[in-house]
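So the sequence lines, in the order shown, correspond to chains Y and L. With UniProt numbering as the guide, the letters of the first sequence map in order to residues 1 to 658. With UniProt numbering as the guide, the letters of the second sequence map in order to residues 1 to 180.
Errors might be hidden in some of the hints.
[Said to hold, decoys possible] Covered stretches of chain Y, as calculated for chain L (at least 3 residues, CB under 8 Å): (1) 313-323; (2) 329-340; (3) 371-378.
Worth flagging that the hints you see were computed from the coordinates, not collected in a lab. Predicted model only: the values in this text are computed from it and were never measured. Here a beta-carbon is modelled for each residue, glycine too, at the ideal position from N, C-alpha and C.
One letter stands for each residue in the lines below.
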Amino acid sequence: MTPELGQLALILALLLALAQGILPLLGAWRGNRALMAVARPAAAGQAVFVAMAFGILVWAFVRFDFSVQYVADNSNLALPWYYRIAAVWGAHEGSLLLWIFILNVWTVALAAFSQKLPEVFASRVLAVMGLIAVGFLAFIIFTSDPFGRLLPMPGDGADLNPVLQDPGMTFHPPVLYTGYVGFSVAFAFAIAGLLGGELEQAWVRWARPWTNIAWGFLTCGIVAGSWWAYAELGWGGWWFWDPVENASFMPWLVGLGLIHAQAITEKRGSLRAWTILLSIFAFSLSLLGTFLVRSGVLTSVHAFASDPRRGIFILAFLTIVVGGSLLLYALRAPKVVGGKPFKVVSRETVLLIGNLMFAVAAAMVLLGTLFPLVGDALNLGRVSVGPPYFGFLFPLLMLPVVLLLPFGPFLHWGKGDLPALKQVLLRAGIAAAACAIVAAFFVNGQLKAIAGVASLVWLAVGVLLYAIKRWREMPRGRRYPAEMAGMLLAHLGMGVFVAGVLLSESLSVTSDVRMAPGQTQHIGGYDFRFDGAHRTTGPNWRADQGVVTVTRDSKAVAVMHPQKRTYLRGQVQTESAVDAGIFRDLYVALGEPMDANDIEGAWSLRLYYKPFIRWIWGGGLLMMLGGFVCAGDKRFRIKRSAKIEEATAGLQVQETHA
Amino acid sequence: MSRLLPFLGFMLLVALFGFGIWWNTQHDQNAIPSPLLNKPAPAFNLPKLYEPTQRVSKADLLGQPYLLNVFASWCIECGVEHPVLEAEGPGLGVQLVGYNYKDAPADAKRWLAEHGNPYNLLIADEPGHTAIDFGVYGAPESFLIDAKGVIRYKHIGPLTPDVVEDELKPAIAAMLKEAP
Numbered sequence: 001m002t003p004e005l006g007q008l009a010l011i012l013a014l015l016l017a018l019a020q021g022i023l024p025l026l027g028a029w030r031g032n033r034a035l036m037a038v039a040r041p042a043a044a045g046q047a048v049f050v051a052m053a054f055g056i057l058v059w060a061f062v063r064f065d066f067s068v069q070y071v072a073d074n075s076n077l078a079l080p081w082y083y084r085i086a087a088v089w090g091a092h093e094g095s096l097l098l099w100i101f102i103l104n105v106w107t108v109a110l111a112a113f114s115q116k117l118p119e120v121f122a123s124r125v126l127a128v129m130g131l132i133a134v135g136f137l138a139f140i141i142f143t144s145d146p147f148g149r150l151l152p153m154p155g156d157g158a159d160l161n162p163v164l165q166d167p168g169m170t171f172h173p174p175v176l177y178t179g180y181v182g183f184s185v186a187f188a189f190a191i192a193g194l195l196g197g198e199l200e201q202a203w204v205r206w207a208r209p210w211t212n213i214a215w216g217f218l219t220c221g222i223v224a225g226s227w228w229a230y231a232e233l234g235w236g237g238w239w240f241w242d243p244v245e246n247a248s249f250m251p252w253l254v255g256l257g258l259i260h261a262q263a264i265t266e267k268r269g270s271l272r273a274w275t276i277l278l279s280i281f282a283f284s285l286s287l288l289g290t291f292l293v294r295s296g297v298l299t300s301v302h303a304f305a306s307d308p309r310r311g312i313f314i315l316a317f318l319t320i321v322v323g324g325s326l327l328l329y330a331l332r333a334p335k336v337v338g339g340k341p342f343k344v345v346s347r348e349t350v351l352l353i354g355n356l357m358f359a360v361a362a363a364m365v366l367l368g369t370l371f372p373l374v375g376d377a378l379n380l381g382r383v384s385v386g387p388p389y390f391g392f393l394f395p396l397l398m399l400p401v402v403l404l405l406p407f408g409p410f411l412h413w414g415k416g417d418l419p420a421l422k423q424v425l426l427r428a429g430i431a432a433a434a435c436a437i438v439a440a441f442f443v444n445g446q447l448k449a450i451a452g453v454a455s456l457v458w459l460a461v462g463v464l465l466y467a468i469k470r471w472r473e474m475p476r477g478r479r480y481p482a483e484m485a486g487m488l489l490a491h492l493g494m495g496v497f498v499a500g501v502l503l504s505e506s507l508s509v510t511s512d513v514r515m516a517p518g519q520t521q522h523i524g525g526y527d528f529r530f531d532g533a534h535r536t537t538g539p540n541w542r543a544d545q546g547v548v549t550v551t552r553d554s555k556a557v558a559v560m561h562p563q564k565r566t567y568l569r570g571q572v573q574t575e576s577a578v579d580a581g582i583f584r585d586l587y588v589a590l591g592e593p594m595d596a597n598d599i600e601g602a603w604s605l606r607l608y609y610k611p612f613i614r615w616i617w618g619g620g621l622l623m624m625l626g627g628f629v630c631a632g633d634k635r636f637r638i639k640r641s642a643k644i645e646e647a648t649a650g651l652q653v654q655e656t657h658a
Numbered sequence: 001m002s003r004l005l006p007f008l009g010f011m012l013l014v015a016l017f018g019f020g021i022w023w024n025t026q027h028d029q030n031a032i033p034s035p036l037l038n039k040p041a042p043a044f045n046l047p048k049l050y051e052p053t054q055r056v057s058k059a060d061l062l063g064q065p066y067l068l069n070v071f072a073s074w075c076i077e078c079g080v081e082h083p084v085l086e087a088e089g090p091g092l093g094v095q096l097v098g099y100n101y102k103d104a105p106a107d108a109k110r111w112l113a114e115h116g117n118p119y120n121l122l123i124a125d126e127p128g129h130t131a132i133d134f135g136v137y138g139a140p141e142s143f144l145i146d147a148k149g150v151i152r153y154k155h156i157g158p159l160t161p162d163v164v165e166d167e168l169k170p171a172i173a174a175m176l177k178e179a180p
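Okay, chain Y solo, but in the shape it has when bound (with noise of 0.2 Å):
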C-alpha cells in the first residue's frame, strides 16, 4: 500500500507545482497580490510531497519490498543497506526523483530567503522554478514511475549495478544533480528578469551566491566521478570525454563564465544581456546533460536505460524550456540593457576574454560529444571523436586563460593602468621561466611537464602577488573579504589542477605484465612484488584477491590488495588498489589469471606509477571550495542582516512595551 502513497505524493506535487508555476505569473502580471502569495506555500507542499515520495522510495528499499520493480530491479537481500540508500538513485526512475527533490530543496530556500526582494519579481522567480518541477513531476509520473508493481513478488531482486556500488559512487550523483539544479535559481532570475523587462544590480548581486554554490556542488560532483573513475574502472584514466562526462563539464564551463559574468553585471551593471544569455545557457545545458544520459540519443560506457517515449518527452520539455527562454530573450532583451563602458584594458575585457574561451570550450565539447549524431545525420556512419579531438582544442582553448588570468584581479573596472601589469608579468613570468628551467632537469626534459610547472607557479605567483598587494594597500579587516579569499582560492586550484593534468600525464609510467607469484617489477623507481592471489569474500561478492608489495630501496611502502569480484548476479567488476600520497599514487589492477584453473599461479597485472595524479582533484576541491567561500561574503546578505536588525529591533520595542 505504501508505494501507492508515493505515487500519490507525486500526483499532489505536480497539482502544486501547476499552482506554483501558473498563478504567481498571473499575479505578476495583473498585480493580484492574493496570487502572487501562493508562490511560496506552493513551493512548501510541493517540496513536502516529493520528500515523503522520496521516503517511502527509501524504505522500500530499506524493508526490501521486491513487490516495487524498481526496487526488484537494483538490489537483493545481500546488498548492504548503506548501498540500497544508494540504489534509490542507482537507475533511471529514482535519479529522476532525486532531480526533483533536489530541486525542491533548492526552491525551498529560495522562498525562505527572498523576502526581500520586490514582491513581482520574487513571485516570477518562485513561478519558473514551480514550472521546471511541472515538467519533472510530469515525466516521472507519466514515463518513469518509481513505484511501479511487480506482480508475483520475487523472493529476492536483482543487483544495483556494481560499478556503482563504491563510496564515491554513492554521493557523486546527488552532489551533481544539487550542481545542476542549482542552477535553474540563476535560470529562474534571468526569465524573471526577462518577462519584468528589467534585471537591477541589486538582484543580480542577491543571484550570484546561489551560482556560487551551484557551481562549488557541480565541480564537487565532477571531482568525485572523476575519482570514481580513476578507482574504480580499472583504466587509471580520471578523464575519458565520455558524453556523460562532457554532459556535466558543459554546465560548469558556462557556469565558469556565468560567476564571472555576475560578477561584471553586478558591479558595473554592464553585459546584462550576456548575464542572461549564460544563466539560461548554464541551466540548458544542464537540462541538455539530462536529456543526453536519459534518452539513450548517445550511447556511453555509462550503461543507462533508454527508451525513446522518454527522449521525446525530454526533447518537447527542452524545447519548450530552453527555446521559450531564447525566444524570450531575443523579444525582452534589448529592454534589461544597460551599463557603464569600459576601455579595452581593464578588468572587463579579461574577464570577457576569459567568458568567451568558456563559451567557445563548452560549445566545442558539445559539438564533440554530438559528432556521432550528425555523422548519422549526414550519413557517414557511426564517427565518433574521442580524446585526440577533445585533447587538442581544449588546452589550446585554455591557454589564453592561464596566460591571463594573475593580471584579472590586477585591473581596475572600467580602466586599468599597464605598467601593473608589466610588473606582474616581469616578476611572474621570471618566476615561472626559473621554476621551468630547475624542472628540466628532474623531468628530462619532457615538454609537458616542464609547462606543467611554469604554469602551476606563474598561476600561483599571480595569486601571491595580488594577495600581497591587498595585504600592503588595505586596511586590517578589509584585506581578504571572502568574496577576494574565495576568487584567490579558486585561481590557485586552477594552477594545482594544471600542474596535476601536465605531470601525471607526462610522467606517468604504465606497464601490462604478466607475474608470476615472487616475482618483481621496478617501476618509477617503486619494486612491485607480486605475492599471489587468494579468494576472498564480501557481503554480496566473491573476488580473486592478489597481494602485491611495494618497497623502494628495499623499504616497505605499501601492500596492496587489487581484487577482481564476482557480484552475486554473476556481474565481474575489478577494484584497483591504490596507494594514495600527495606527490604520486601507486595503482595496482587485477587483469587475468594466466591458467583460469589455477589462481594461485601467475596473473596479468597493471600497474601505474602516476605522480602529481591528486593535484588534479586537490585542484578540483580548491575551485570548488573558492565558490563556496565566494558566496558566504557578507556584502551578498546585507538585505537579510539588516532586515534581521529590523527584526530584533522589532522585539525590542515590544519587550519595552511589555
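Given chain Y's structure and the hints, the job is docking chain L onto it.
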C-alpha cells in the same frame, strides 16, 4: 536579429536530437557492425569437444552453410538462449555448430548433459585464441556462415524467438535463395 541567433542555433540542435531519437528507433543499438560481415570467416582449426583428438578446420565445413553459436557453461545468458536453440535449431535448415568458448571440457559436457545438446557438431576453443579472430567479445554470439565460408549474419547476445524470426530466418532464406 542577432539576438535571435541563440534561438535559431538551439532549434538546429532540437532538429538534430529529434533525428537522433528517430534514428535510434530505426536501428538496433546493439548492432555494432562487424568488420567481418560479408567477409570470409577467419580460418580455424579446433578440436571436437567430445573427441579432442579429432580436429575440425574451416575447410572441413566448406560446402554447407552453418550457424556457429559461441557458448560456454559459465555464461548465464547462454542458459537463456539454450531452449531457443533446442526449439528452433532443427527447423533452421542449416547445420548448428556449437563453439565452446573458454570453457573446461568437463564443465561444458556436464552443462550439455543437463540442458540438452541441440548442436550437430561441437568444437572447443578452451584458450579462446581463435575467438579473437572472430571478434568475439562475449558469449553468446552467433555467426551465420554460408557454403563458401563467408560470414553472412552476426548476432551478439542471446538468440531470442523474436531475433530468430525477424533476423536469423530472413538471413538464412536470403542466403539459400542466392546459392541454391
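Going down the list of hints, with the structure as the test:
1. Beta-carbon proximity to chain L at under 8 Å applies to 5 residues in the region 313-323 of chain Y; the threshold of 3 is reached and the given coverage holds.
2. Check on the region 329-340 of chain Y: 4 of its residues sit with their Cβ under 8 Å from a Cβ of chain L, so the three-residue criterion for coverage holds.
3. Beta-carbon proximity to chain L at under 8 Å applies to 4 residues in the region 371-378 of chain Y; the threshold of 3 is reached and the given coverage holds.
The structure is consistent with each of the numbered hints, conforming to all of them.
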